[in-house]
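There are 2 protein chains.
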Amino acid sequence: MALIRSVFQDELDSVSQSLVDLTSMVAESIDKATTAILTTDLKLAEEVIAADSNIDSLQHELESRIIDIMARQQPVASDLRALVTALRMSADLERMGDLSHHVAKIARLRHPGDAIPLELHPMFQSMGTAAQKIAHKTGVVISTRNTEMALEVERDDDEMDKLHRQLIGSILEPNWKHGVESAIDLTLLGRYYERFADHAVSVSRRVYFLVTGTYA
Amino acid sequence: MALIRSVFQDELDSVSQSLVDLTSMVAESIDKATTAILTTDLKLAEEVIAADSNIDSLQHELESRIIDIMARQQPVASDLRALVTALRMSADLERMGDLSHHVAKIARLRHPGDAIPLELHPMFQSMGTAAQKIAHKTGVVISTRNTEMALEVERDDDEMDKLHRQLIGSILEPNWKHGVESAIDLTLLGRYYERFADHAVSVSRRVYFLVTGTYA
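Going line by line, the protein sequences match chains Z and H. Letter by letter, the first sequence follows residues 1188 to 1403 in the working numbering. Letter by letter, the second sequence follows residues 1188 to 1403 in the working numbering.
Keep in mind the hints are simulated off the structure, nothing from the lab.
Same chains, same names: a pair is fine if it fits in one copy or spans any two.
Okay, derived cross-link-like pairs now, EDC-like style, lysine to aspartate or glutamate, Cα gap no bigger than 20 Å in a straight line:
hint : residue 1 : residue 2
1    : K1292     : E1381
2    : K1364     : E1306
3    : K1292     : D1348
4    : K1349     : E1368
5    : K1349     : D1372
6    : K1349     : E1339
7    : K1320     : D1218
8    : K1324     : D1348
9    : K1292     : D1218
Let's have the full structure, built from the sequences with the hints guiding it.
This is the structure we're talking about:
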């Protein structure tokens, strides 16, 4: 029995490690997508677009592994809940990869043009940095189960929401001179970064709930 | 054993019924949200916003029930897979409710104004009708496991994508006279309807996979 429990524990650890790997992958993808769009780097945009299938593959493999563990180990109570939560977290992380991919696709669509007006570059740089930081921190939350840091992710998301509001405010300024196409691109881009951060918050909240049994 | 199997089968049926109930709720919410925004009906918009918590509650209750069934019945193979899939479908359906809620929030934000320029009303009427139809059909797919109809949902989604492209095309016309704020609203609204349909497709694909063991 001790041996079985230990094998099971190893399996749970490996699930957790795969989730952390996914956070690294999506942190890298949003960072590269941001650089690609800010430097109109088509090659980098293509790289982000291609790499999304690696994220999808790891997520599918992880989901199959979780279902296999459930079938073999027949977990109950907190172990079952941890596995179900891991399934949900993997879906959030996969979606974060999709959102990076969407950013890169706008970079590709507008290449060799610049999808982002020059005066908004610093704002998108901040959104990219915030998104990468939040994805990275979410990985640390998963691996350490640090509930303080899970709460920090919520605060980082408030920062992202603030940047998002500033972005919409800039587009709505009476002297907006970049036209409607640019407004559409920027609205979608803003939404992608905002949703990226929302999914990270969702993952951190799930860890918080697993550890404490309550919602923050 | 026959008795236990029968109890389990009843439980699976009840999970399936709750998923169908969720499809009815989100079909109703997107229909009402569309009417609210097209008729600048604040009361109806508030109703959709308030009703989202009913959708969330049913989804949470359903998730707890699924986890409880897993713990008690210790399903393997196809039964386990059906329950894990039900968890994912419930998440898709809950998200569809969120998207209706987002549409209703734009109706509320712009009230007593009309968020949608008059000439685009027919297009949004079509998007609303398509979204409601797709949600309803997804419910039938869940309850009947009709794979032909699951494929129809994909085609209905192609129709939604076409409407979405037409919408973006209209905003980009050189004679666009509704300004940037309207362009932002319509970009977001278009995205909400498109994502609503995407989640319905995701649910139908999961049913297709459960029945056939392959992806369409």
